[in-house]
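Protein chains: 4
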Amino acid sequence: MANFKGHALPGSFFLIVGLWWSLKFPLKYCHQKRKSNHMNHNYSRLEIAEAVIRTVFPIIGILAEQFVPDGPHLHLSADDHWVKLMNWQHSTMYLFFAASGITDILTYSVTYLPLGMDRLVMALAVFMEGLLFYFHVQNRPPLDQHIHSLLLFPLFGATACLFLEVILRDNIVLELFRTTLTVLQGTWFWQIGFVLFPPFGRPEWDQKDHGNIMFITMCFCWHCLGALCIVLSNYALVQCFMKRLKKCSGGEIIGIQKLKSGHPYHTALLNASDEE
Amino acid sequence: MANFKGHALPGSFFLIVGLWWSLKFPLKYCHQKRKSNHMNHNYSRLEIAEAVIRTVFPIIGILAEQFVPDGPHLHLSADDHWVKLMNWQHSTMYLFFAASGITDILTYSVTYLPLGMDRLVMALAVFMEGLLFYFHVQNRPPLDQHIHSLLLFPLFGATACLFLEVILRDNIVLELFRTTLTVLQGTWFWQIGFVLFPPFGRPEWDQKDHGNIMFITMCFCWHCLGALCIVLSNYALVQCFMKRLKKCSGGEIIGIQKLKSGHPYHTALLNASDEE
Amino acid sequence: MANFKGHALPGSFFLIVGLWWSLKFPLKYCHQKRKSNHMNHNYSRLEIAEAVIRTVFPIIGILAEQFVPDGPHLHLSADDHWVKLMNWQHSTMYLFFAASGITDILTYSVTYLPLGMDRLVMALAVFMEGLLFYFHVQNRPPLDQHIHSLLLFPLFGATACLFLEVILRDNIVLELFRTTLTVLQGTWFWQIGFVLFPPFGRPEWDQKDHGNIMFITMCFCWHCLGALCIVLSNYALVQCFMKRLKKCSGGEIIGIQKLKSGHPYHTALLNASDEE
Amino acid sequence: MANFKGHALPGSFFLIVGLWWSLKFPLKYCHQKRKSNHMNHNYSRLEIAEAVIRTVFPIIGILAEQFVPDGPHLHLSADDHWVKLMNWQHSTMYLFFAASGITDILTYSVTYLPLGMDRLVMALAVFMEGLLFYFHVQNRPPLDQHIHSLLLFPLFGATACLFLEVILRDNIVLELFRTTLTVLQGTWFWQIGFVLFPPFGRPEWDQKDHGNIMFITMCFCWHCLGALCIVLSNYALVQCFMKRLKKCSGGEIIGIQKLKSGHPYHTALLNASDEE
Numbered sequence: 001m002a003n004f005k006g007h008a009l010p011g012s013f014f015l016i017v018g019l020w021w022s023l024k025f026p027l028k029y030c031h032q033k034r035k036s037n038h039m040n041h042n043y044s045r046l047e048i049a050e051a052v053i054r055t056v057f058p059i060i061g062i063l064a065e066q067f068v069p070d071g072p073h074l075h076l077s078a079d080d081h082w083v084k085l086m087n088w089q090h091s092t093m094y095l096f097f098a099a100s101g102i103t104d105i106l107t108y109s110v111t112y113l114p115l116g117m118d119r120l121v122m123a124l125a126v127f128m129e130g131l132l133f134y135f136h137v138q139n140r141p142p143l144d145q146h147i148h149s150l151l152l153f154p155l156f157g158a159t160a161c162l163f164l165e166v167i168l169r170d171n172i173v174l175e176l177f178r179t180t181l182t183v184l185q186g187t188w189f190w191q192i193g194f195v196l197f198p199p200f201g202r203p204e205w206d207q208k209d210h211g212n213i214m215f216i217t218m219c220f221c222w223h224c225l226g227a228l229c230i231v232l233s234n235y236a237l238v239q240c241f242m243k244r245l246k247k248c249s250g251g252e253i254i255g256i257q258k259l260k261s262g263h264p265y266h267t268a269l270l271n272a273s274d275e276e
Numbered sequence: 001m002a003n004f005k006g007h008a009l010p011g012s013f014f015l016i017v018g019l020w021w022s023l024k025f026p027l028k029y030c031h032q033k034r035k036s037n038h039m040n041h042n043y044s045r046l047e048i049a050e051a052v053i054r055t056v057f058p059i060i061g062i063l064a065e066q067f068v069p070d071g072p073h074l075h076l077s078a079d080d081h082w083v084k085l086m087n088w089q090h091s092t093m094y095l096f097f098a099a100s101g102i103t104d105i106l107t108y109s110v111t112y113l114p115l116g117m118d119r120l121v122m123a124l125a126v127f128m129e130g131l132l133f134y135f136h137v138q139n140r141p142p143l144d145q146h147i148h149s150l151l152l153f154p155l156f157g158a159t160a161c162l163f164l165e166v167i168l169r170d171n172i173v174l175e176l177f178r179t180t181l182t183v184l185q186g187t188w189f190w191q192i193g194f195v196l197f198p199p200f201g202r203p204e205w206d207q208k209d210h211g212n213i214m215f216i217t218m219c220f221c222w223h224c225l226g227a228l229c230i231v232l233s234n235y236a237l238v239q240c241f242m243k244r245l246k247k248c249s250g251g252e253i254i255g256i257q258k259l260k261s262g263h264p265y266h267t268a269l270l271n272a273s274d275e276e
Numbered sequence: 001m002a003n004f005k006g007h008a009l010p011g012s013f014f015l016i017v018g019l020w021w022s023l024k025f026p027l028k029y030c031h032q033k034r035k036s037n038h039m040n041h042n043y044s045r046l047e048i049a050e051a052v053i054r055t056v057f058p059i060i061g062i063l064a065e066q067f068v069p070d071g072p073h074l075h076l077s078a079d080d081h082w083v084k085l086m087n088w089q090h091s092t093m094y095l096f097f098a099a100s101g102i103t104d105i106l107t108y109s110v111t112y113l114p115l116g117m118d119r120l121v122m123a124l125a126v127f128m129e130g131l132l133f134y135f136h137v138q139n140r141p142p143l144d145q146h147i148h149s150l151l152l153f154p155l156f157g158a159t160a161c162l163f164l165e166v167i168l169r170d171n172i173v174l175e176l177f178r179t180t181l182t183v184l185q186g187t188w189f190w191q192i193g194f195v196l197f198p199p200f201g202r203p204e205w206d207q208k209d210h211g212n213i214m215f216i217t218m219c220f221c222w223h224c225l226g227a228l229c230i231v232l233s234n235y236a237l238v239q240c241f242m243k244r245l246k247k248c249s250g251g252e253i254i255g256i257q258k259l260k261s262g263h264p265y266h267t268a269l270l271n272a273s274d275e276e
Numbered sequence: 001m002a003n004f005k006g007h008a009l010p011g012s013f014f015l016i017v018g019l020w021w022s023l024k025f026p027l028k029y030c031h032q033k034r035k036s037n038h039m040n041h042n043y044s045r046l047e048i049a050e051a052v053i054r055t056v057f058p059i060i061g062i063l064a065e066q067f068v069p070d071g072p073h074l075h076l077s078a079d080d081h082w083v084k085l086m087n088w089q090h091s092t093m094y095l096f097f098a099a100s101g102i103t104d105i106l107t108y109s110v111t112y113l114p115l116g117m118d119r120l121v122m123a124l125a126v127f128m129e130g131l132l133f134y135f136h137v138q139n140r141p142p143l144d145q146h147i148h149s150l151l152l153f154p155l156f157g158a159t160a161c162l163f164l165e166v167i168l169r170d171n172i173v174l175e176l177f178r179t180t181l182t183v184l185q186g187t188w189f190w191q192i193g194f195v196l197f198p199p200f201g202r203p204e205w206d207q208k209d210h211g212n213i214m215f216i217t218m219c220f221c222w223h224c225l226g227a228l229c230i231v232l233s234n235y236a237l238v239q240c241f242m243k244r245l246k247k248c249s250g251g252e253i254i255g256i257q258k259l260k261s262g263h264p265y266h267t268a269l270l271n272a273s274d275e276e
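Chains as they are written, first to last, in my numbering: chain X, 1 to 276; chain R, 1 to 276; chain W, 1 to 276; chain C, 1 to 276.
Any given hint might turn out to be false.
Claimed, not checked - Here are the simulated distance ranges between beta carbons:
id	chain 1	residue 1	chain 2	residue 2	range
1	X	V56	R	Y43	34 to 44 Å
2	W	D170	X	L74	55 to 65 Å
3	X	D209	R	P69	33 to 43 Å
4	C	L152	X	S77	38 to 48 Å
5	X	D209	C	I53	55 to 65 Å
6	R	Q145	C	D209	48 to 58 Å
No lab work stands behind these hints: they were computed from the structure. For every residue, glycine included, the Cβ atom is placed at its ideal position computed from N, Cα and C.
Go ahead and model the full structure; you've got the sequences and the hints to work with.
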């Protein structure tokens, strides 16, 4: 859907997921530090709930792309030409995120899938979105092309981050980085909508002006900084809230625990030296 | 061999290897978890058998490329010009996979080669295939160029994955990722054959139509999703089958073991804390 | 500020930070080896002082970019066109480094942020500088474009190095590598100033001469070698100085310690074999 | 020196270093497995000897580039133009390898430099060679450009490998990979000499023929396979020779040791399980 709504819908999806993660990961990290194992079962349920939502959202997206009045209505080709390939490409992007959601459900419920597979499928979903966008925007005006190609940075960044999480699972810094990129993607989709399809009867942007392209590049940096601020303040808020809730006294213990998850080698050293 | 068979042959090779791996790796992973050491000798034999097949296949490919009626028949140059360079380049690709097979045989039989070398040579084989393809498709029609260059993603992805396996050997997620990329490569070779050389007297594709290029990009994503589904369902089937076969009771033990191979640092922590 | 001062200011900033790091990291490494824990509090204070300076500097840069006589004076757009986008882009670059400084202050003082986040934000700051530079220099004369794009190597190199430090914190070699790239960036900013805006009434460089471009490439390599020499001699001086200061006798212990921080796996082996 | 000798000299340098490494690394690996600590002192001396040679060679190269009859004789600029920039660029490449040699000498003799720095400086030397080559070959005939740019693969591959060795020191597979790339570089320099400056009065190659470019790409793959074969057979020969020399009986011990250095995580597991 090459209009404002077609960008606002995925933008809202990524924004909601990003904001939710910016609360979930600090909370999970807080509990991990205290080894509160009785929470594990609840977390597992929470993960499944999240995965279900991350599956339902993209399915709504697919249905919207297919059955809007000018959509393809599940017809792929007719009379020797392809029908509404743009909508089909968007559907494919949503499809991968639905697949990622389903993988998460299977990983946390049936446990027939190996741990880490959920991250790999999510990495694949993000990469495929990037791949489709890369070939998607050729033969368009410069500003359109530039504003979409800036999206490739959070996409391929998140791919790299998720691939790393396959190996370094539950690293809080990587998780916060991924969250930041997801929030950034969400706000940037909204920005694309506002620039390419100005709502409220605002004037169109000149799509060939070099000044506009330079401004958009800078604007992207500001979005990135904004996303980072949101994620870090949410992290600090959760930490602060949890500390007051439990009044945990052992300041040094927290320090060591922090080192543990931040840098696993140190832990090995610490444990080993304890035994000596 | 720039015809349908020339793409079906390597496609079938990669498809068979990929499907075999999608059964072998889950099975190996299942046995590793139970530390059934008496299986080691059988596995070693199995690996050698696989390596022999992965050596014989490419040799057949080389012979086919060289001795088809319009092939070079091992002549490289004649009268100041190169003879059938396309066939020679295909032969070179096969040659590297044969070399990878031979390295595997040597690693598992004579043990004079260091562990990890087998993965490195396979990474090199896949990279060289990518390198040759990259320079192979220049000066061709847009669709031909695009459909071949999409092959570079599974090729360079598999190179990165295999290089990582040199360091993180026997990581089930990486192995399943590699398997997915191999199956994807196999089905994509078949797709290339169907698009560029339509069999059964179907009409030719317009090689310059932008719609066709957009469809092919999307089609590549579907192949990728299909390959992932095949590999994951085979994994789940093997896990399910093994569980019923042995009725192993210790649910928690499996959980811990999973963590072990998924994230080796955790194991160190677990073991260390056991000793305290 | 597209003039000599506009390049000398950031050049001096990076040069000072780089030279300070070339003393700080060897010193910290020296103390780590001796496990002198009573230094920790002082180090924490030192880090905060450094972070404050790394915050104040960029704020001065932002003010300079905004309030020079021909600056935008915080006006972003006027009469349907953007005001002084160059100055705004420079301000954005400074803004990220200020954000990195503030993150460091928060990490070392309030400890609500997870360890490693400071490195991630710094990586992001350096990456954003690279991103802005990449799109910054289009539509310029060849020499101008080339001399600025060489800056991308230390920038993206430092991004990769800092991202790796998130996982491998306190690795002395990575820290020295980052220091080298920072010094290189500082001297290269000065070089850009001297080439594009020759001070002292020197003649202008021909911006289209291929010889000049070739010389500048080579000159970049020399800067890199120079930066490396500075960092390594500072490291050696600090080591030498510390050795004489404390007259630590245990030569072999230092050897083992070196291995420890250089390669954490070895330590695990050493510790493990000690216990056997 | 844009002639046959100018390519044969660096080619021989890399070939000799590569062949030497293909003997040294397997030998070192063999001794490491037996923990023969009394060899350490001898190894240190050997490393210094190697480093001296790796310093002297490039210095000879610099002198040759500067003082050949048509060289710059250390003059950089004269009458407002640069003197013999090609020779100066080659000198710069040699200079970095000399710097790498000196760093090695310092690392193994004075021990004021941290372990891993030697690998980092070598990575930098190889990267700078690649950077200079990348900008070196612009504005040349297609074949000249292609044959030189193929050199970038072993160069950037070796950079990545050396950078990884900073973290994963003494990994035999990485060392053999680096050795292979060094041998490949050596033989490829000779190949460039033979193609661009045919000796013995052979006819010139057509620098614009697409067939020649395709052949050269394939030829590069063959060189790569050849280099791999040389390195692996030298490894096998050394292993075989050492086994006969010492008649070490414990077959299984060797198996475990292999796992140790191939994959350090396994060792931790093995050791940890021994203690349980």
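Here is how each hint holds up against the structure:
1. V56(X) x Y43(R): 34 to 44 Å: Once the Cβ atoms are compared, 43 Å apart, the range 34 to 44 Å for Y43(R) and V56(X) holds.
2. D170(W) x L74(X): 55 to 65 Å: Taking Cβ atoms as reference, D170(W) and L74(X) lie about 56 Å apart, which means the hint holds.
3. D209(X) x P69(R): 33 to 43 Å: 60 Å, violated
4. L152(C) x S77(X): 38 to 48 Å: Taking Cβ atoms as reference, L152(C) and S77(X) lie about 43 Å apart, which means the hint holds.
5. D209(X) x I53(C): 55 to 65 Å: Given a distance of about 60 Å, which is inside 55 to 65 Å, the answer is holds.
6. Q145(R) x D209(C): 48 to 58 Å: 21 Å, violated
In summary, the numbered hints that this structure violates are 3 and 6.
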